[in-house]
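**Student:** Build the full structure now, drawing on both the sequences and the hints.
Chains as they are written, first to last, in the numbering used here: chain A, 1 to 465; chain B, 1 to 465; chain C, 1 to 465.
Hints were generated in silico from the structure; no laboratory data involved.
It is possible that part of the hints are untrue.
In this list, chains with the same sequence are indistinguishable; a pair is considered to hold if it fits within one copy or across any two.
In silico lysine to aspartate or glutamate, EDC-like type, Cα no more than 20 Å apart, as pairs [said to hold, decoys possible]:
{"id": "1", "residue 1": "212", "residue 2": "387"}
{"id": "2", "residue 1": "328", "residue 2": "444"}
{"id": "3", "residue 1": "337", "residue 2": "60"}
{"id": "4", "residue 1": "35", "residue 2": "430"}
{"id": "5", "residue 1": "328", "residue 2": "60"}
{"id": "6", "residue 1": "282", "residue 2": "437"}
{"id": "7", "residue 1": "35", "residue 2": "120"}
{"id": "8", "residue 1": "212", "residue 2": "441"}
{"id": "9", "residue 1": "212", "residue 2": "430"}
{"id": "10", "residue 1": "421", "residue 2": "36"}
{"id": "11", "residue 1": "337", "residue 2": "209"}
{"id": "12", "residue 1": "337", "residue 2": "121"}
{"id": "13", "residue 1": "282", "residue 2": "430"}
{"id": "14", "residue 1": "339", "residue 2": "41"}
{"id": "15", "residue 1": "339", "residue 2": "129"}
{"id": "16", "residue 1": "212", "residue 2": "388"}
{"id": "17", "residue 1": "282", "residue 2": "120"}
{"id": "18", "residue 1": "40", "residue 2": "335"}
{"id": "19", "residue 1": "378", "residue 2": "36"}
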Amino acid sequence: MTAHATSMRVKLPVVCIILEGVTMVLFAIFVRYDKETDPKEWHMLLGKNGSHDDKNIDNDFYFRYPSFQDVHVMIFIGFGFLMTFLKRYGFGSVGFNFLIASFGIQWAALMQGFFHSLEEDNKIHVGIESMINAEFCTGSVLISFGGVLGKTSPVQLLVMTIFETTLFAINEYIVVSVLGAKDAGGSMTIHTFGAYFGLTVARVLYRPDLHKSRHREGSVYHSDIFAMIGTVYLWMFWPSFNSAVTIHGDDQHRTVMNTYYSLAACTLAAYAISALVNHEGKLDMVHIQNATLAGGVAVGTAAEMVMTPFGAMIVGFITGTISTLGFKYLSPILDSKLKIQDTCGIHNLHGMPGIIGAVVGSIIASFATRDVYGAGLKDVFPRVANEERTASTQGINQIISLGVTLGFALVGGVLVGFIMKIPIWGSPADTQCFTDEIYWEIPEGDDDGHGTMMSVKQDDPDKII
Amino acid sequence: MTAHATSMRVKLPVVCIILEGVTMVLFAIFVRYDKETDPKEWHMLLGKNGSHDDKNIDNDFYFRYPSFQDVHVMIFIGFGFLMTFLKRYGFGSVGFNFLIASFGIQWAALMQGFFHSLEEDNKIHVGIESMINAEFCTGSVLISFGGVLGKTSPVQLLVMTIFETTLFAINEYIVVSVLGAKDAGGSMTIHTFGAYFGLTVARVLYRPDLHKSRHREGSVYHSDIFAMIGTVYLWMFWPSFNSAVTIHGDDQHRTVMNTYYSLAACTLAAYAISALVNHEGKLDMVHIQNATLAGGVAVGTAAEMVMTPFGAMIVGFITGTISTLGFKYLSPILDSKLKIQDTCGIHNLHGMPGIIGAVVGSIIASFATRDVYGAGLKDVFPRVANEERTASTQGINQIISLGVTLGFALVGGVLVGFIMKIPIWGSPADTQCFTDEIYWEIPEGDDDGHGTMMSVKQDDPDKII
Amino acid sequence: MTAHATSMRVKLPVVCIILEGVTMVLFAIFVRYDKETDPKEWHMLLGKNGSHDDKNIDNDFYFRYPSFQDVHVMIFIGFGFLMTFLKRYGFGSVGFNFLIASFGIQWAALMQGFFHSLEEDNKIHVGIESMINAEFCTGSVLISFGGVLGKTSPVQLLVMTIFETTLFAINEYIVVSVLGAKDAGGSMTIHTFGAYFGLTVARVLYRPDLHKSRHREGSVYHSDIFAMIGTVYLWMFWPSFNSAVTIHGDDQHRTVMNTYYSLAACTLAAYAISALVNHEGKLDMVHIQNATLAGGVAVGTAAEMVMTPFGAMIVGFITGTISTLGFKYLSPILDSKLKIQDTCGIHNLHGMPGIIGAVVGSIIASFATRDVYGAGLKDVFPRVANEERTASTQGINQIISLGVTLGFALVGGVLVGFIMKIPIWGSPADTQCFTDEIYWEIPEGDDDGHGTMMSVKQDDPDKII
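**Tutor:** And the structure:
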């Protein structure tokens with residue numbers, strides 16, 4: 001067997017080494033410890049005599065670190081295992097997720113630094129918040145990955161990562177800093193952006209002959225259970241995700257609670273609708289693995305606001321219903337009519353729920369009053385609190401932010417999709433989609449362990465020849 | 001194939017939508033943010049001028065949130081995966097666990113609110129502690145689920161959840177608020193209650209012809225490894241479980257440590273006895289998956305007290321021994337003589353260890369003195385510290401609480417068991433137990449991924465026809 | 001089938017009960033709650049009147065507990081699942097890991113207590129830090145376990161644990177307390193020690209006829225995915241591991257960040273080199289599961305120091321490269337020439353990266369100046385800050401510590417290897433390596449769940465007869 005166009009032997013090392021090399025050089029030039037991480041600056045802050053007293057330390061790191069780790073688990077375990085549902089793409093799901101997230105968190109720190117936080121010394125000062133924000137940015141790439149899962153090479157995915165994180169950082173800067181929109185859990189900047197970017201890329205990369213690999217697009221019994229590891233971790237830690245960068249105190253507390261109740265209500269909706277739309281009344285693992293999470297997306301903007309637990313549950317229940325119906329009825333139409341082959345159904349889990357989240361956030365923001373928020377208004381809506389704008393102007397800015405985000409996602413997706421389509425990145429043939437065999441060494445023998453290292457597996461007609 | 005009595009197509013959506021609808025209406029009427037979650041109240045607490053200073057915020061949320069997430073993982077991953085050991089019930093184990101826990105945490109917040117914390121404004125004010133308490137309550141339902149695993153429909157399980165959480169809240173109110181018993185980790189209120197409730201339900205739902213499904217009651221190699229994910233997560237986070245609602249400071253610290261050492265000693269006992277009772281000296285996965293955890297149950301009442309690490313280890317070691325012996329010798333007797341078909345052996349993991357925990361707690365409480373506890377006595381035994389009762393009276397109240405709990409569990413289990421037995425909930429036939437096929441769409445093909453979407457799986461004689 | 005020499009029916013219970021019994025007696029005699037865990041002492045510290053005010057409590061426990069749980073997950077899930085890659089040794093991997101870690105954390109608390117922290121009352125006062133340190137010590141045993149995985153009985157592993165934790169405690173005492181070396185994340189004391197101890201034991205236990213079991217030494221598809229659970233958890237929580245016992249504030253913050261960036265860069269190197277050294281350009285799961293973690297090991301000493309994110313990335317990238325090359329080219333040589341049968345490749349993941357970490361730490365320590373560290377110098381290098389020694393002397397002591405550690409590992413490994421070789425511990429025959437069948441009850445039936453409890457599995461030629 002000779003090396004062929006999809007061989008990663010040269011392409012992957014070259015791309016990895018160039019990307020990591022450029023990243024390291026940029027880190028050397030631009031990235032510095034922030035003042036809480038640098039020993040000299042930190043101890044100067046602590047007092048002239050440098051006396052170190054645990055009681056006086058700023059607790060920001062300690063309050064955010066557990067949330068950071070929860071987000072970290074969502075990005076690497078949550079997304080990685082959610083995508084292992086495919087019967088023969090488990091290595092690629094968790095493995096490419098691992099690769100692109102590892103690169104994404106580095107590149108995002110640079111891009112977000114350039115657009116948000118270059119300080120007077122022209123340096124990017126990294127700390128716990130920049131780590132969390134880089135994970136968020138990477139999350140949007142992993143959402144897009146779900147749309148093209150099984151149909152792209154790792155090099156294509158790295159190419160997507162470098163461009164998507166960059167566009168994410170620009171869009172986030174416009175939405176949050178210029179337009180002053182609130183989007184702590186990223187209904188717009190993470191989910192809507194990641195989903196519509198990924199769907200657009202999937203459209204550009206449309207494969208008319210994908211039917212040659214469709215028999216591998218399903219799950220097997222144990223791969224569905226692996227995927228549930230991803231689902232449940234995403235579900236459990238979503239309150240940490242939405243609250244990871246909100247202000248300490250009531251904001252963070254409220255964001256956790258709203259997200260929690262939205263997800264709980266969403267789960268009941270997903271089970272109800274999944275049974276309802278199946279002609280035998282059987283539950284569909286695709287719905288359970290995905291639509292149960294839509295409630296977390298749909299409060300990504302509003303969870304920080306006073307939406308009340310009841311409001312969160314209503315939003316969660318409606319979104320769980322729409323998401324499940326989307327998997328059942330809309331995805332086949334996107335595939336057959338719009339030529340969008342959305343492997344993981346990101347339109348149903350992130351796309352529509354993200355838009356719902358943006359609209360809900362806009363409406364709730366429009367009705368914010370000092371009567372409800374009291375002195376807390378300045379934490380949630382600083383520009384309303386300091387009378388720079390009215391609540392309804394805030395609401396309008398939220399909706400404009402959604403439009404801007406969709407614009408970046410669609411235009412960016414087209415551009416990056418065409419870059420990914422250049423036939424030099426080792427994209428798999430139409431007969432080689434949804435299989436690990438072309439990019440991974442696959443162990444011999446069956447899952448009962450009876451095979452030997454010497455035996456050759458002959459029974460897979462899709463084995464590369 | 002036409003819809004038959006076990007079809008969930010109408011029943012599950014109707015029950016889910018009614019339950020969630022009622023829950024949402026009750027939340028709208030009764031549930032409000034607590035003062036740490038409401039922006040206006042919180043900032044009024046912070047000071048008239050509403051100045052926000054991180055240094056001044058109450059740390060309660062930040063100290064409890066990591067423990068809350070650990071408990072959350074135990075409830076959704078721990079219980080869910082522990083039960084995936086069955087060879088063909090992995091979807092039901094993790095999926096129904098997900099469903100009933102999602103509903104349970106909502107309904108429990110209402111029920112616990114009604115019985116414990118209706119405030120002067122007749123509202124339930126929810127915050128981080130109510131979320132933790134709701135997860136605890138849900139834990140007892142999941143314990144009962146283990147007793148009827150594979151033999152109940154999701155609708156039956158939801159029916160069980162709504163009644164069991166309600167009874168839990170009443171019993172908890174009597175034990176904790178009326179009798180003044182200490183039970184931070186829930187040896188009585190969670191484990192004893194959940195186990196004997198579940199065993200009673202299992203007795204009422206006794207199936208004389210269960211042998212028709214017994215060939216599916218075992219595990220396969222990989223399902224046992226999935227189950228170990230559940231075991232190890234439960235084991236690791238049990239110190240967080242027992243300490244999640246104890247008072248900050250030495251109480252919480254001590255509870256963590258006692259639980260930790262009890263579990264470590266328990267694990268060695270489980271391995272020792274598992275090998276000893278096997279005629280080939282082989283370890284049995286059922287014991288390792290379950291009996292290793294009994295040490296956490298057995299210090300659920302006493303871990304907060306001054307039992308010393310040595311005392312915790314003794315309790316753990318003895319309980320690990322009894323639990324393993326229970327799996328080997330007692331469970332078959334319960335099954336054949338008492339007609340209790342306890343799928344997961346909850347009597348061995350939660351029942352007996354829960355009673356041991358209650359007795360140990362009672363004994364240690366009886367000997368509490370100001371000499372040992374110092375000023376900390378008021379945190380652990382407030383009614384003893386303020387001389388409302390003596391230590392031995394506290395001990396007696398602990399034992400009375402065990403009796404009350406057993407009473408609620410047994411009487412409640414009979415009542416709810418008969419409700420669950422009403423033949424309208426879609427319970428599986430005796431030939432259809434321990435299989436996902438009747439409630440779930442099962443992917444085609446074997447676990448090596450060779451099957452195609454077109455093929456029909458013919459080799460399972462238990463497939464519904 | 002009669003009991004034979006490998007039967008654990010008597011040996012395992014006897015050893016477990018003796019070890020746990022001795023441990024409990026020593027705990028009863030020597031172990032006491034520390035002052036933050038004992039109610040009387042704690043409340044005396046809080047104030048004469050024992051008034052309990054959350055604002056005043058020492059936050060040490062609360063800041064360390066989330067890190068403790070992350071380390072706990074690494075030890076029990078991380079190591080346990082990382083080793084499940086073997087096709088038929090999943091029970092042993094996660095199960096023996098569970099057993100020896102449960103014993104290790106208890107014995108380590110005693111041994112580290114005897115060597116480090118016997119206080120004036122001749123008692124060992126345990127608290128959150130002693131729990132973390134015991135987990136670290138246990139980590140080194142689990143590294144060694146990786147070297148002998150599949151070729152040892154559980155009794156042999158317990159024997160190894162008792163001696164290795166003891167030697168670890170002595171070496172740690174010399175390195176940290178006598179030589180004053182810094183090694184917060186344990187590049188030397190945990191990784192180098194555990195790896196070379198384990199490799200030496202593996203050498204002593206060399207099996208010339210291991211080829212009789214080699215056909216079982218590989219993975220199957222799903223076992224590789226289980227192993228990725230271990231990998232990703234180790235990877236995600238490594239920042240918590242390296243920072244778990246560093247000083248609060250900038251030290252802990254900086255350690256987290258350096259470890260994070262080192263791992264991210266290491267991951268890209270592992271993917272790049274894995275594809276490069278495969279003649280078809282395919283990624284090898286062995287590399288992805290292991291070499292991606294080498295970056296965490298390699299900054300175990302230096303992450304606390306001011307190595308800058310860029311410095312951490314350089315170290316991570318180089319170590320990821322060396323580790324992957326080690327798996328590809330060095331391990332086969334160790335096996336064939338040096339007769340070291342290193343099942344998990346611990347030399348590549350812990351051995352070489354540990355030495356790199358020690359050297360990097362020594363170099364960075366040598367250049368420590370008050371100009372860079374400011375008043376923080378006393379936290380990182382107290383003996384330099386108080387002018388007891390110069391920075392270059394600190395660097396020399398770091399390198400001496402590496403030498404001492406290697407000495408303890410090699411000499412200790414030889415001694416303990418020969419103890420483990422005594423033919424009374426039930427070691428498996430050469431034909432019985434890498435299989436769970438001799439120590440575990442294996443469920444009947446294949447992984448599709450079609451087998452029945454009555455059927456006898458006839459198709460495994462390795463089944464014990």
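**Student:** Could you tell me which of the hints above the structure violates, numbers in ascending order?
**Tutor:** 1, 3, 4, 5, 8, 10, 12, 14, 15, 16, 17, 18
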